[in-house]
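Colleague: Spelled out from the first residue to the last, the chains are:
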Amino acid sequence: MKKWIRMKYTKWYNILKDGIAMNNPIAIAVLGICSALAVTNRVENAIAMGIGVTFVVMMSSAMISLLRNYIPAKVRMVTYMVVISTFVIIFQFALQAYFPAIADSLDAYVGLIITNCIVMGRAEAFAVKNPARYSLIDGFASGMGYMLVLIAVASVREILAFGTFLNFQVVGDGWINWVSMAMAPGGFFVLGLMIWGIRELTKNFEGQVGEVE
Amino acid sequence: MGHLLELFLSTVLTNNIALVFILGMCPLIAISTNVKNAAGMGVAVVLVVTLTAAINYPMYLLLKALKIEFISLLVFIILIAAVVQLLEIFLDKYFPKLYNAFGIFLPLITVNCVVLAVSLFFVNRGYNFGETVSFSFGAGVGWMLAIVLVAGLREKMAKISNPPRGLKGKAIVFVVLGILALAFMGFTGLV
Chain A
0 MKKWIRMKYT KWYNILKDGI AMNNPIAIAV LGICSALAVT NRVENAIAMG
50 IGVTFVVMMS SAMISLLRNY IPAKVRMVTY MVVISTFVII FQFALQAYFP
100 AIADSLDAYV GLIITNCIVM GRAEAFAVKN PARYSLIDGF ASGMGYMLVL
150 IAVASVREIL AFGTFLNFQV VGDGWINWVS MAMAPGGFFV LGLMIWGIRE
200 LTKNFEGQVG EVE
Chain B
0 MGHLLELFLS TVLTNNIALV FILGMCPLIA ISTNVKNAAG MGVAVVLVVT
50 LTAAINYPMY LLLKALKIEF ISLLVFIILI AAVVQLLEIF LDKYFPKLYN
100 AFGIFLPLIT VNCVVLAVSL FFVNRGYNFG ETVSFSFGAG VGWMLAIVLV
150 AGLREKMAKI SNPPRGLKGK AIVFVVLGIL ALAFMGFTGL V
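Taken in order, these protein sequences are the chains called A and B. Read in numbering that gives the first Met the number 0, the first sequence has 90 at position 91, and its numbers run on one by one without any break. Read in numbering that gives the first Met the number 0, the second sequence has 135 at position 136, and its numbers run on one by one without any break.
Careful: at least some of the hints might be erroneous.
List time: in silico DSSO-like cross-link candidates among lysine-lysine, alpha-carbon distance up to 30 Å [to be verified]:
#, chain 1, residue 1, chain 2, residue 2
1, B, K155, A, K73
2, A, K202, A, K10
3, B, K167, B, K35
4, B, K158, B, K169
5, A, K16, B, K167
6, A, K16, B, K169
7, A, K73, B, K158
8, B, K167, B, K155
9, A, K202, B, K169
10, B, K92, B, K35
11, A, K128, B, K155
12, B, K66, A, K202
13, A, K128, A, K10
14, B, K169, B, K35
15, A, K202, B, K155
16, B, K158, A, K202
17, B, K169, B, K155
Which stretches of chain B does chain A cover? Using the computed rule of at least three CB atoms under 8 Å from a CB of chain A, they are [unchecked claim]:
#, region
18, 13-26
19, 59-72
20, 85-97
Derived from the structure by calculation, the hints contain no laboratory data. All C-beta atoms, glycine included, are put in the ideal place defined by N, C-alpha and C.
Next comes chain A alone, as it looks inside the complex:
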């Protein structure tokens, strides 16, 4: 118990909490939604995508953090892109080699991890200012926060759209598949309602009436 209380004040615990809960990249900061909506019609796709983003954001944050004193400020964006796309290519090849079916259904969205704002955002906001071991934890926390929301959205959508969960039948025979849930509108509605729920629970509301920037 004592150890647990002391842990609450260590830096890495706070980074972890911040990434997963307080500043959840999707629910609170509303970043990286393209892939969050496009791949969440099945839970297995969501898990694959979540692992991919976690891997890329961890490795590239650590790498950029190690190189942070050598990267000239003017070309830092291009440098980030080279580092990030290297890890994306590694992940893409691993996925094609071991899970070709999932790689097929994710299509071009694996490549689009490069332009996922979360990866670039963590590099710019955290990795350039902090040592590599914290950047690794920060990347892990952001990636996990992303993956948890993805899995939550995908669970709702897969059950409603196909009546299955991870390809196991979970609803009775009388179930009629809800087709629009598998497509874009379902993603928008489920994520919108989920953000509403999370903000209501965490009392983390956004700005003034109807307007934000």
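Given the coordinates of chain A, work out where chain B should sit on it, guided by the hints.
Modeller: Just chain B now, kept in the frame of chain A:
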């Protein structure tokens, strides 16, 4: 020619890149607070998407001939960043008025996933050059259509509606987008 026009129309409406493939959401949600900015961003996207796809296509052929197409992702993203940077310098020098109108939108485009997605899609679908240009132009126009529609709705909404506090700001935009996406599903089977 008719075939290219068909591809263009289907990319704008039935396969709208924003509302069916759900791409380019971050800028779409961040910049769609008023119609003027939305249209500016839209035009910039149309320009950059068409230009980069036209440049990336021969580049991909070259990589394929050299049998190193596995690094195409890396090459595409660097080319996109370079094209955006060059366009910025070019506009600044020769069309300063236009440059000022585009303002901050140009540099933001590098991280807009529509641009990279279009380059990846033409590879995956095996388009030829004509189809690539037609498809990329359609994707840009489709994205512009979506952002202008959303911005128009948000402008009206900011004045008259009063959503629950948890839905305020960005969350309500998802609901708006969902309804728009449902509407765009109505185009299915058009082309």
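Colleague: Compare the structure with each hint and give your call.
Modeller: Structure-based check of all given hints:
no. : hint            : verdict
1   : B:K155 - A:K73  : 41 Å, violated
2   : A:K202 - A:K10  : 24 Å, holds
3   : B:K167 - B:K35  : 22 Å, holds
4   : B:K158 - B:K169 : 16 Å, holds
5   : A:K16 - B:K167  : 25 Å, holds
6   : A:K16 - B:K169  : 23 Å, holds
7   : A:K73 - B:K158  : 42 Å, violated
8   : B:K167 - B:K155 : 14 Å, holds
9   : A:K202 - B:K169 : 15 Å, holds
10  : B:K92 - B:K35   : 24 Å, holds
11  : A:K128 - B:K155 : 41 Å, violated
12  : B:K66 - A:K202  : 54 Å, violated
13  : A:K128 - A:K10  : 14 Å, holds
14  : B:K169 - B:K35  : 19 Å, holds
15  : A:K202 - B:K155 : 26 Å, holds
16  : B:K158 - A:K202 : 24 Å, holds
17  : B:K169 - B:K155 : 15 Å, holds
18  : 13-26           : holds (count 8)
19  : 59-72           : holds (count 3)
20  : 85-97           : violated (count 0)
Consistency note: the structure conflicts with the earlier hints numbered 1, 7, 11, 12, 20.
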